[in-house]
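Visitor: Model the full structure from these sequences, guided by the hints.
Here the protein sequences line up with chains A and B, keeping their order. Residues in the first sequence are numbered consecutively from 1, following this note's numbering. Residues in the second sequence are numbered consecutively from 1001, following this note's numbering.
Just so you know, the hints here were simulated from the structure itself, not pulled from any lab data. Don't take each hint at face value.
[Said to hold, decoys possible] Estimated spans, in silico, between C-beta atoms of each pair:
hint : chain 1 : residue 1 : chain 2 : residue 2 : range
1    : A       : A376      : B       : V1206     : 57 to 63 Å
2    : A       : Q106      : B       : L1337     : 28 to 34 Å
3    : A       : A376      : B       : S1161     : 56 to 62 Å
4    : A       : V255      : B       : L1015     : 54 to 60 Å
5    : B       : F1213     : A       : R240      : 45 to 51 Å
6    : A       : H54       : B       : T1218     : 39 to 45 Å
7    : B       : L1015     : A       : H342      : 31 to 37 Å
8    : B       : A1317     : A       : Q106      : 55 to 61 Å
9    : B       : L1337     : A       : G292      : 37 to 43 Å
10   : B       : F1213     : A       : R446      : 43 to 49 Å
11   : A       : S73       : B       : L1337     : 26 to 32 Å
12   : A       : H342      : B       : R1194     : 56 to 62 Å
[As the list claims (entries may be wrong)] Taking lysine to any residue and the SDA-like style, the derived pairs with C-alpha atoms no more than 25 Å apart in a straight line are:
hint : chain 1 : residue 1 : chain 2 : residue 2
13   : A       : K366      : B       : A1216
14   : A       : K366      : B       : P1177
15   : A       : K379      : B       : A1216
16   : A       : K372      : B       : S1315
17   : A       : K366      : B       : Y1212
18   : A       : K366      : B       : L1241
19   : A       : K373      : B       : L1207
20   : A       : K372      : B       : A1216
21   : A       : K372      : B       : T1218
22   : A       : K366      : B       : L1032
23   : A       : K373      : B       : A1216
24   : A       : K366      : B       : L1207
25   : A       : K366      : B       : V1219
[Unchecked claim] Covered stretches of chain A (chain B as the covering partner; in silico rule of three or more C-beta atoms under 8 Å from a C-beta of chain B):
hint : stretch
26   : 324-333
27   : 339-348
28   : 361-373
29   : 454-467
Source: prediction; values computed, not measured. No residue lacks a Cβ here, since even glycine has one placed at the ideal position from N, Cα and C.
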Amino acid sequence: MTEVALEIRSVSKRFGRIVANDNISLSVGKGEIVALLGENGAGKTTLMNILFGHYVPDQGSVTVLGQELPHGSPRAAIQAGVGMVHQHFSLAPNLTVLENVMTGTQNLWSVRSETAKAREKLLALSERFGLQVSPEARLGDLSVGEQQRVEILKALYNDARILVLDEPTAVLTNIEAARMFATLKDMARQGLSLIFISHKLDEVMATADRIFVLRDGKSVAERKVGDTNKAELAELMVGRQVTRPVRDASNPGSVVFQAENISIIRDGIERLKSVGFYLREGEILGVIGVSGNGQADLAQLLSGTARRNGGTMNIFGEAVGDLSVAQTIALGIGRIPEDRNHEGAIGEMAIWENAILERLGEYSSKGFVDRKKGMAFAKRVVDEFDVRGGGPSSRTRLLSGGNMQKMILGRNLVEPKRILVAAQPARGLDEGAVAAVHERILEARRKGAAVLLISEDLDEVMALADRIQAIVGGRLSPPVQAEKTDSRQLGLMMSGEWSGVEEADAL
Amino acid sequence: MRFERREQRSLALLLVTPLLAVILALALSGFLIALAGASPFEAYWNILKGAFGSRLSATETLTRSAPLILTGLAAATAFRARLWNIGAEGQFYLGAIAAAAASSQLFGDMPGLFQIPLLFIAGALAGMCLLLVPLWLRLRYSVDEVVTTLLLNFVAILFVSMLIDTVLKDPLAFGWPQSVSVSDEAMLPKLLSRSRLHLGLVVAIVLAVIIYFVQARTVFGLNSRAAGLNASAAVFAGVPLARTLVFVAMISGGFAGLAGAIEVMGVQGYVTTELSPGYGYSGIVVAMLANLNPVGVVFAAVFVATMFVGADGMSRAMDIPSYIADVTVALSLLAMLVAIFFTQYRIRR
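Guide: In structure tokens form, the structure reads like this:
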């Protein structure tokens, strides 16, 4: 191996009784790309926070380019050449790109601003690494992919030699992600060392030179990328063999929901443009598309929170107006919202309160909440849907993302549902939780529910959906039968190209 | 040094926190008392003596607690739903003048048994109306209610000041700006003879207990908590956000208005512009000290009243400005805010 750029030696860190990092050692060579692979809660982010000086380890040391870093000093880490690109960007949307990059680099007391010099340096970096940005653009006007470029440039501007990227593709579209990995490889060729945190096996295999696998706070394996494969990595990461369930042949029943020419204008923008689709019993309709193309409004249509500007809806053969939340619940529509923390659950409330909040009418009498009945329901949800990390009266915030999603699935599916709307149900979950969520959705389909699955994950839609429609710019493609399509065709449909696709049996 | 979110919040911690905050505030203002050239311990002893040292002072402290409990409840119920009602002072005055007007113009001849409840309602309704305006502006036009409720205080107080100088002026007050009095029938019964302590204290405590159960047990209580903690999740779950906030505003404004009515009917019988020594604003301190818990509000209100009443006594005995009470109360609010933070986070070195 070439020169060692970074060495982490036997680092341990505990939070109360939880051991987040247990005696972890790791090294990165100059010009090397190392992937840190592990499920949510495996200790990846804790380790990187120790490297960056945000946390103080209970034991162990961090050495950068031969020089040991003092504990708990982000400033020392930056000066030693460590740069961090956070999953949630630490940028100010109201400042320009240049201003964002310069933030924190100037002496507070210096009278003259060194804008011209900074601009030159930024442009040189952007040229050298092929990260195109306009220094004067306001950050808030940029796309997520461009914002990430700014975040990377900001780290490079501070002369980072070692760049840490925390789940860099979580917010990117496939095309943006591919471009970013090409950039990362180029940066490694130019001598930078890169660590990226991920739980996506494909991108790890495609990009990294070496892979460290963390599980339950321990370093369980170190592999060269040529000596391993996806199946082995998945098993190392989860600790057991995990296979995502795949749907069996469909046997659709009658149409339970039909929407025609639906238009929705929200905040002055036409989010849905005259779309039509239908759902059948025992069948999953997958709607695939890059986030932000009208998926949110499509999900709201069936969740009781949308107001239509045009079009008709039919549920169980009857024409209906705009639904209220209470109506959707009464009709037996289960709803998995796109954003767990923002819409799905209230972190500061107890699990039992979150479990019954959307059906308080059933769990109260004369205006008083029936706590006993609510607790019993929550206990069923926790038991039957294997929610770990807390009982009915624990605060919901204590649950991991996967367990929170299981709770949300559980409160919807403990009682059988006739229609299920699942918006990005597996987003941000680890492999084990993804498999569990998919199994539950397929189980609902087996029991006869009509499922609307909205997703931006091609694999997820191909594995679960019987019929597939693409959503682009507020328009829906005609449906295609899942058996008769492939990822190439779906990719084309996602970019808005659907002339000549073979339409699934029209009604 | 880093702050980390606590996984669990223990009950003991929640109970001890306000006490620690008060002790810290007393310690800090002790320095100021020492600067003024007196012994802090002696000063605090004198405050305690001034607030509870005699029958007269003890009843006076409790008399002052009654409006503070109600304005404290007004802030606590609103804040819990993230409705930032800073307008309790204005609602207090509007409630007071409504009671005086209703008694002198409408119900003056009724026996107390009927008149008193009617005046309570009149005061509460006046407070409600004053808070519903900012709420409507927020729901309809997204106007920040912190600004509107705060500014409406001045509008309300000047409006009351105008009324007691014109249409509701007491013709027998020798030109003093003071409103007509409520009828004798409307004066609240005294709890103890030869004191100012009146039935209002009982009303306030009973309401605190009732609202505690409403928040803990009812659908409305759960809804208002959900609306405060995460409005978008509440809407997704079908919580009627606007309706819940309207109820919250009615309760909050109602309490503040009722506080004004009770102060008029319990203590002096008429309204002046000096009726409230900042009860509305102190209610915010009381609510925060109680960590928005309605039962805690009762104890926090007694603490604040103790400081204010006791400081007068101390000031006379020791020649230290009684403003030290304001400083201590303000410091205890700051200490409480810090303490609340530490119930949620822990320090890591």
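Visitor: Tell me the numbers of any earlier hints that the structure contravenes, in ascending order.
Guide: As far as the earlier hints go, 1, 14, 16, 19, 22 and 29 are violated by this structure, in ascending order.
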